[in-house]
Structures are given as structure tokens and as C-alpha cells.
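Keeping their order, the protein sequence lines are chains Y and B. Going by this note's numbering, the final residue of the first sequence carries number 323, and the count climbs one at a time with no gaps. Going by this note's numbering, the final residue of the second sequence carries number 344, and the count climbs one at a time with no gaps.
What the hints contain is simulated information worked out from the structure, not anything from laboratory work. Positions of the beta carbon are idealized from the N, C-alpha and C atoms, including for glycine. Incorrect hints may appear among the rest.
Unchecked claim - Quick list of the computed label-pair ranges, beta carbon to beta carbon: (1) B:L192 - Y:R164: 29 to 35 Å; (2) B:A216 - Y:A318: 27 to 33 Å; (3) Y:T214 - B:R319: 20 to 26 Å; (4) B:D339 - Y:G268: 33 to 39 Å; (5) B:S226 - Y:A189: 50 to 56 Å; (6) B:H266 - Y:T163: 42 to 48 Å; (7) Y:D180 - B:N267: 43 to 49 Å; (8) B:G260 - Y:E145: 40 to 46 Å; (9) B:R258 - Y:A182: 24 to 30 Å; (10) Y:G147 - B:T254: 57 to 63 Å; (11) B:G260 - Y:S141: 55 to 61 Å; (12) B:H269 - Y:R164: 38 to 44 Å; (13) Y:A189 - B:T221: 32 to 38 Å; (14) B:G212 - Y:S141: 29 to 35 Å.
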Amino acid sequence: MSDHHHPHHDDDHVREHDRPLSGPALRVKALESLLVEKGLVDPKALDELIDTYETRVGPRNGARIVARAWVDPAYKRRLLADATAAIAEFGFIGRQGEDMVVLENTPKVHNVVVCTLCSCYPWPVLGLPPAWYKSAPYRARAVIDPRGVLKELGEDVPSGVEVRVWDSTAELRYLVLPERPAGTEAWSEDELAAIVTRDAMIGVAQVKVAGRSSR
Amino acid sequence: MNGVHDMGGMHGMGPVEIEKNEPVFHSGWEARVHALNIACGFHRKWNIDMGRHSRERIPPAEYLAATYYEKWLRGLEMLLVENGLVTATELATGRAESSGASALRPPEVAAFLRVRRLARLDDKVTPKFRPGDRVLTHNDHPIGHTRLPRYARGRRGVVERDHGVFIFPDTHAMTRDRKPQHCYSVRFAARELWGPAASTRDSVYVDLWDDHLDPA
């Protein structure tokens, strides 16, 4: 397995996540051994799957989509009209991104994405979801109190702005197109992609430039 | 089912806490659980809706106490036994009673992940609704799987867009019946769902199927 992102096994936070119900690490090891013995899984294929999601798929993919949409009006039109096809132009296709919808934030509309029933998330463009997105607090509160959640996370949405919450209950996967921050008019596509964050593409943050924001 | 997984609108869950520089997996076993789920899916003994329903059936107290990948481990164990890939005895003892299956191999992984496992279907089905139509969601409480969350049952909304024809998860999870039908994005005013304390401006969009909706 790749070790690129496994440096933190000793810190307190990880211990909390590893808190065993019934020794999950042991149970997983036993299950994997059984499945390998039965010929149902190949451990090297598991390594390959893990490496894919740790190093090759992630929010940098989505950031490239957003940056392209900011600099190329024709691409943005294609993206809003048929997100699946426009995202596939970058080669970002497959599992948990089969049918994409892009939601455009504007000065009047703020979109935010949740999955109240499980953990649906657009893997090809954002990677695997962060723990908070899958957590009970977010799943419970995003639909009933989106402004409260956003405020806690540092986004005080003005009362004149409409908040639209998208609950991912089907196989459509949602990506928020954040507002382009003021002062970036001369920036290159690569420079823009570098400031687009995962949280902005879920809709719980704005894209900011050195303390400034688009709102 | 009216399970604890159906969390929209619940109170008392605490603050949303974003971890800075969060790793993709917090430990090696979490990564193995994620990969095992995908690699076992290669055998096509269950569908994604059956997978979701397995985790929904984890008893409520255990569901709330478990971390995310503990739920995925528990769900995978259920799927393996219920669909005949592993016997209950094998799971309990950890010793294989038979073998000989053909597993997903490393060179096949990339292609396997890029396959578009479409829930969208080519079936020609007439939509019951069009964008702009007013709808009333069913006030149903099935014991089995459903993608109509409790907070949106018996509520009035407006069809925002027709996504096309999709597998109907509510039957697909229980009997593997795809029951092709249109899936729509339905807009609900926040006040329709949450009462007068909610903002007059805001709304929640839920993806729902013909079988969840009546004209309003």
C-alpha cells in the first residue's frame, strides 16, 4: 500500500478514529485473509485500489474543472448544460461520477451539497469524502439549518442571498462551481486552480484570495 | 425504513468539525475496508442499493457509535454472507471451506473503476411530470429501503428538472427489480419542510422518482 498519506498513526486524532468497537483492524485483517484464501480478492489489487484513491483521485481534479469554467465561457456553458460530458473532457469519469450536475454560485444564490441518507459524493472530481461530510452533524443539520452550519464554518451568508441545499438521494452527483474571487482577472488557469478548495466545491466555503473574498 | 441513517433534520448531533489536512484514510485498516468493498463488488453479487441497505440495517445504537469505515466493514460482512460469497461459519472461524473464485487483478483495477456503472437506463418510459409541475410526495413508511427521506414525506414541491430514466433504488435494493422510471430534482421551500422558523428564501432539492410523487 502507498504510504504517502499514512504518517499520522500516532497522533491523538487518529486514536479517536481508530477507537475500536470490536477491534476493527483485527476484524478487517481476518476478513481479508479469508477472502484471499477463497480466491475472492487479490491483495495486490487492494493495494492498487488504495493507491488510486490516495494519490490519483482528489479535489485537484475538480479544481481544474472550476478554473477552466472561470476562464473559458464556452466551457462553462457546456459544463452547466451537460456536466458529465464536460467533465469527461478532462478524463474524469467512472465510479460515483457517472451522472454529474454542476451548480453555479452567484451573488444571489449559494448552493450547498449534502447526502443525508449515506455519503454520496462525486469521487472522480473530489476524491473520497472527508469525515465531516459523512458525519451525523453535517447530514442532520445541512438541510434544516444550512445557514447555521455555514456560519459555524466561517461563511455568513447574507439574508438577501438564496441558499439552495442539494440532498444527493439519487445517482446524480453534484459539484458546486464557486464564484471567482475579485482581483483574479489576470490570473492564469493554473493559478486559479491552485486556490479552489474542496470545501468550496461542496458549497461550505468561498474561494478566497489572501484574506479577500468574492462576497 | 425509518432508520437512524435517515438523519436529515435531526437535532443534538453537535457541531460540524472540519479536520485540517485530513488524510484520505485515517489508518491502514480503513483503506483496506474501502478497497475490500470495491474488490468484492467485482463479483456482482449485489448492487449499490443493496449495499446501502446493508449499512442501514446496522442496529441504531451501533450505527451511531460506529466510525464510518466500521459501518462499511459491518455492511460488507452482511453482504458477503447474505449473497453466498462467504458462509456464516467461514466468517466466524476465518477459515475457508471452499475456494476457486476469480478475483479482480491489479492490471484490471483502473479499467474497473472507469466503467460507468450506470443507474441511468435506456428504457423508454413516459415521464409522469414535467419541470414546473407541482407535486406531493408520498407519506409512506416502508420497512425496506427508500431514497425518500422522512423530512420530505407528505410535502409539496415543484419539479425543477427531469434527470431522465433511472433504476428505482427502493425496489432494486429489495428484489433487484430495476423498475425503470423518471428521476427528478424536486424543489421544496425550506418553510414547507421546516415551518415558519425557516428562511423564506431558501430551499432544499431532493432527487425523487415517479413512484414517490403525486400531482399536487
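Here's how the hints hold up against the structure:
1. A beta carbon spacing of about 33 Å between B:L192 and Y:R164 agrees with the range 29 to 35 Å that was offered as a hint.
2. At about 59 Å, the CB distance of B:A216 to Y:A318 disagrees with the hint of 27 to 33 Å.
3. For Y:T214 and B:R319, the hinted distance range of 20 to 26 Å is satisfied, since their beta carbons lie about 22 Å from each other.
4. Separation of B:D339 from Y:G268 is about 38 Å and conforms to the stated range, judged on CB atoms against 33 to 39 Å.
5. In this structure, B:S226 and Y:A189 meet the distance hint of 50 to 56 Å, their C-beta atoms being roughly 52 Å apart.
6. At about 44 Å, the beta-carbon gap between B:H266 and Y:T163 stays in the expected band of 42 to 48 Å.
7. Distance hint for Y:D180 and B:N267: a CB-CB separation of about 46 Å, consistent with the stated range 43 to 49 Å.
8. A hinted range of 40 to 46 Å for the beta carbons of B:G260 and Y:E145 is inconsistent with their spacing of about 57 Å.
9. Here the CB-CB span from B:R258 to Y:A182 is close to 29 Å, well matched to the stated 24 to 30 Å.
10. Separated by about 46 Å at the C-beta atoms, Y:G147 and B:T254 break the suggested range of 57 to 63 Å.
11. Remark: the range hint 55 to 61 Å for B:G260 to Y:S141 is upheld by a beta-carbon distance near 56 Å.
12. At roughly 42 Å, the beta-carbon separation of B:H269 and Y:R164 lies within the given 38 to 44 Å, and the hint holds.
13. Take Y:A189 and B:T221: their Cβ atoms lie about 55 Å apart, and the range 32 to 38 Å is violated.
14. With their beta carbons about 20 Å apart, B:G212 and Y:S141 fall outside the hinted range of 29 to 35 Å.
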